[in-house]
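Two chains, two frames, a set of hints: combine them into the complex.
The primary structure of each chain is shown beneath.
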Amino acid sequence: MIDHEGSMVAFEGLAQQLVDAFRKRLPDAQVHAWYFHNYPGSVLFDNPYHTSAVDVVSWRARLRKEPAVLFVVSDAGAARGGERFERVLATRNWMEETRRFASQVLWLNPTPRSRWVGSSAVYIASFLPMVDISKQGIAQLPDLLKHL
Amino acid sequence: MDQYWEQAVSALNNEIEAGMLRRYYRRFGHEAMLLAAHAALLPALTSDLVYKLWRYFRPREIDEEHHPLSMAVSDLLLSPLCREVGRGLFEMLPNVRETLLDVLRAHPQYGGTHLKKLAEFAHYYRQDNPAPMPSPAYSEALRWTADMYLHPNAVAKELIELLQQAQPNPARLQRMMEAAGMRQRLLERDNKRKAGKDPLGVALNLVRGLLNYQSGQQAIGIQQLQHVAPYLKDSAGNDAIKVLLSEDILTAIQSQAIEVEFEPLPSTQNHRTHR
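These protein sequence lines are chains A and B, in that order. With this note's numbering applied, the first sequence corresponds to residues 1 to 148, in that order. With this note's numbering applied, the second sequence corresponds to residues 1 to 275, in that order.
You can trust all of the hints, since none of them are fake.
Below, simulated EDC-like cross-link-like pairs (lysine to aspartate or glutamate); rule was C-alpha separation at most 16 angstroms, straight line:
hint : chain 1 : residue 1 : chain 2 : residue 2
1    : A       : Lys135    : B       : Glu64
2    : A       : Lys135    : B       : Glu65
3    : B       : Lys117    : B       : Asp147
4    : B       : Lys52     : B       : Glu64
5    : A       : Lys135    : B       : Asp63
Each pair of labels, with its calculated beta carbon distance range:
hint : chain 1 : residue 1 : chain 2 : residue 2 : range
6    : B       : Ser139    : A       : Arg80     : 26 to 36 angstroms
7    : A       : Glu83     : B       : Thr113    : 38 to 48 angstroms
8    : A       : Leu26     : B       : Asn13     : 54 to 64 angstroms
9    : B       : Gln217    : A       : Gly13     : 42 to 52 angstroms
10   : B       : Gln217    : A       : Asp46     : 50 to 60 angstroms
11   : B       : Arg22     : A       : Ile138    : 31 to 41 angstroms
12   : B       : Arg22     : A       : Ala61     : 50 to 60 angstroms
13   : B       : Asp2      : A       : Phe127    : 35 to 45 angstroms
14   : B       : Lys117    : A       : Arg25     : 32 to 42 angstroms
15   : A       : Pro27     : B       : Lys116    : 47 to 57 angstroms
Just so you know, these hints were derived from the structure itself, not from any lab. The beta carbon of each residue, even a glycine, is placed where N, CA and C say it ideally should be.
In isolation and in its complexed conformation, chain B is listed as follows (with noise of 0.2 angstroms):
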């Protein structure tokens, strides 16, 4: 196992999850390993989607008349790293599939500009692809993968406007939500920067800041809306994202460090944006 693995295998909390990565790159290789770094961008897998993201991203001297791809694709579903979810449908462990993804990031061969590569593959493949999707909600996971790359302003607008529904639905917030916060952990550890400063961050923290808040942990949510509070104007322009906060959030949030202002309105909640 090179350094970049094994560093990253370590780094795990769970050892069983630790032994399973490495059972796996003992029994496959570096190649496999690597393919599943590349799986593990995608939130469900298909042999569909796996054998056509190998075809194109697998190292071009791989031989394939002795390590042929649908091999790969089988030895990498059918191991430990993966669970299926349904009929034909994957889904890699969560912490495999981040620590195996910082793996990427963290590669010099790899890296941020290789994650934008996948999801922009994750993009076509469902623009092209729309026969093998085995359900409305894995196209869509699939879309917020690709667009949390390619797209964050759009995705931060969308985490938003799924929370100020009528009627959200918890199920789908709570995807996108891990797959948002997957994202956010991959970039603070590439940049060693604050969610803050990249829109889908902002719209991640007030979204949890106010779930906490409205579910009774006040104290906690009032703490993650604070750190977002610095990205919140009265007035913006047309392409910020608006968003509803209540008057007693409001008067929570502010500090003497954040200047906020704001006009009552006839209602209990004030209209408040950020970009």
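Next comes chain A alone, as it looks inside the complex (with noise of 0.2 angstroms):
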């Protein structure tokens, strides 16, 4: 899941060579990437340009029927900084509902840990396991997917 536009813009390229890295190591079929703006709502978009999307009831029975691990790649407010408590709240309502369908879920935040203090990020790493994908972060991904 892909958060993207706002400020995720120059991480863009990033989310999308990790998709490109999935895909290089799994069959097609079992790597998809949903994208959303800011935080998952009653949609998730099939491309980034909006064109088409599911919502998100049918997208979590869907998970029911298929078992998948969600990789959530967002700056969850860090990178403009500021806390938004309404953010964190519909993340986390969000987040819980659907571990009832996907259990194994992982946040990859694009910023630096160093920068999530002061934002809705802190937060939502209270509730999911949140990694920065840096050298540091990427090292512990084997660690924190043992764990899921």
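Take a look at the structure:
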């Protein structure tokens, strides 16, 4: 799940590289990228141009049939900074509901951990496993994935 | 803030913009300011363009692990120094852009040669990255920016041709004049020279003068045209830029100090060339 546009504008290339890396390692059918803006809502988009969308109820139903590991690529508000509690709450509610269908969720944050303080990211990281996309963060991935 | 930044920021007439620059410097530091100054040459910014720009130009001693390149790009694009003008397309505020570029021009570590390097980067970026170009207008603006520093003669010719088109595109002409105007002001500050010695400067003054004259501001137009009159010739080599001037303009810009001779054409217009 890729947060894009707005504060993610500088990280869109990085997000695409991650998707490409997954696609290189796994069969195409096993990797699907969904797009949202700021925080996921009632629909997820099939592509970055929003020309096709799926409502989140059917999307979750599909997760029940086809178990998946969810990777969320988002700055969680850390790029601009500032704590937005409606964002934190909306994300928490959305994720709680989604984890009933896919319990393995890992948040990949393109901003360094040092920038999370004073932003919504620090709160979201308290209820979801979150790593920064840095050498150190990536090094933690195998361990984190084992314990999801 | 070191003396170069401070001088440039203090010289800004707009207090709000000066405040934005100071806050940006305080929050993100010297390297971020340097990135902004490099990006200031470019007419519009995308994350891909700024990323590639800074990957090449940023000081080697910056530690990627603690100061990731993508974060520097993000900090600049999301800062108040830039405004989003299209999907993923940003523009730096014009005064801020000129102020930052002026720091780069005046800084002993960078200077005019560095501006040319930036222009070369813009040239190669445009050539090698056709896909990320958001629009033909963006691509053209990038080409003008590069060529203004690398091939000012060619841009001077293009500017005059734009004006002389049967149906000139005012927005396009305006964009080109703004870009050329910024370069001209930088050059003048750099060498304390008159823009008249620079072919693009002559072309710009000529176009400004003609536009003012045509729009009814004849006194201003004539004044501007008189500045470029010494560079107008009745006959010139093949590489000279040809421009059509009406007889009343030619009459108006004559003075005792400038000996201008011309043969009236059958129509009301005369051929003049400038180089």
